[in-house]
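Modelling step: build the complete structure from the supplied sequences, incorporating the hints.
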Amino acid sequence: MNFEKEYDSSFLSKVIEYNHQRYIAYKNNLPFVENKDFEKVLQARYQKVSRIKRRLIYLLSRSSYIWFCTFTFDNNYINKCTRTKRDLIKSVINTHDFKYILNIDYGKTTEREHYHCVLGTDWNFDVNQFIQSEYPCFCLAIPVKVGESDFNRLSKYINKLTNHCIKATTKRQRILYNFKGYDNFCPTYKDVKLAFMLDYIKFFGNEDVSLLDKADITGKNEVIL
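Numbering (our numbering), first residue to last: 1337 to 1561.
Derived by calculation from the structure, the hints in this document are not laboratory data.
Treat the hints with caution; some may be incorrect.
[Unchecked claim] DSS-like, lysine-lysine: derived pairs with alpha carbons at most 30 angstroms apart:
id : residue 1 : residue 2
1  : LYS1389   : LYS1376
2  : LYS1516   : LYS1526
3  : LYS1426   : LYS1376
4  : LYS1526   : LYS1376
5  : LYS1526   : LYS1372
6  : LYS1444   : LYS1526
7  : LYS1389   : LYS1481
8  : LYS1389   : LYS1372
9  : LYS1426   : LYS1416
10 : LYS1363   : LYS1389
11 : LYS1389   : LYS1426
12 : LYS1444   : LYS1350
13 : LYS1376   : LYS1416
14 : LYS1516   : LYS1538
15 : LYS1376   : LYS1481
16 : LYS1384   : LYS1350
17 : LYS1481   : LYS1416
18 : LYS1372   : LYS1538
19 : LYS1421   : LYS1376
20 : LYS1363   : LYS1481
21 : LYS1421   : LYS1384
22 : LYS1363   : LYS1421
23 : LYS1481   : LYS1421
24 : LYS1529   : LYS1384
25 : LYS1516   : LYS1376
Quick look at the structure:
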């Protein structure tokens, strides 16, 4: 099974309950019988979250400034094809030295399509002002990391940004990156893991940064910036 598959709601509810019971059993050292199908779904999700986390740590550790951006579409653009809307956003963020993680989202009540973007740069300027001047629809960019020494608040953003990428309302569409991350200079997976851990320790020491509620696989419990 593949986590990207559009599972029906009843199946996902069973996986969520299974994951919750598994966590309780593990926490209280109780016996637990594994379900292979459910384990495959959870493992696929874990791998996806891990990939996103590595990209985020790479971006945070190699960019002086990080911005969280939300792109919306007015009525002139909302009904255009996905490629046209993505290209509209990319025409703005494929400038300067920007590195980004871009993912689609839909309003919880209106189902209106919009995009979230985690953007890294070494340029010290008002990214929000720049994007608003270049993007024809509405966009809001919020600074997440300002300056190389501003590490003390980053742990909470790892959780928030990762959840934005995998929450349920994205309908599991593909996330876009314009950088390779550690694969760009690490020849093996072992080297990737080592580089990632060195950057992770640089930010957080030996502290663990929890990405998700262990009893939740939906992404619905994210904290919105």
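Hint by hint, here is what the structure shows:
no., hint, result
1, LYS1389 <-> LYS1376, "holds (20 angstroms)"
2, LYS1516 <-> LYS1526, "holds (16 angstroms)"
3, LYS1426 <-> LYS1376, "violated (34 angstroms)"
4, LYS1526 <-> LYS1376, "holds (23 angstroms)"
5, LYS1526 <-> LYS1372, "holds (27 angstroms)"
6, LYS1444 <-> LYS1526, "violated (40 angstroms)"
7, LYS1389 <-> LYS1481, "holds (16 angstroms)"
8, LYS1389 <-> LYS1372, "holds (25 angstroms)"
9, LYS1426 <-> LYS1416, "holds (15 angstroms)"
10, LYS1363 <-> LYS1389, "holds (24 angstroms)"
11, LYS1389 <-> LYS1426, "holds (22 angstroms)"
12, LYS1444 <-> LYS1350, "holds (22 angstroms)"
13, LYS1376 <-> LYS1416, "violated (36 angstroms)"
14, LYS1516 <-> LYS1538, "holds (20 angstroms)"
15, LYS1376 <-> LYS1481, "violated (35 angstroms)"
16, LYS1384 <-> LYS1350, "holds (20 angstroms)"
17, LYS1481 <-> LYS1416, "violated (33 angstroms)"
18, LYS1372 <-> LYS1538, "violated (37 angstroms)"
19, LYS1421 <-> LYS1376, "violated (34 angstroms)"
20, LYS1363 <-> LYS1481, "violated (35 angstroms)"
21, LYS1421 <-> LYS1384, "holds (25 angstroms)"
22, LYS1363 <-> LYS1421, "violated (45 angstroms)"
23, LYS1481 <-> LYS1421, "holds (27 angstroms)"
24, LYS1529 <-> LYS1384, "holds (15 angstroms)"
25, LYS1516 <-> LYS1376, "holds (26 angstroms)"
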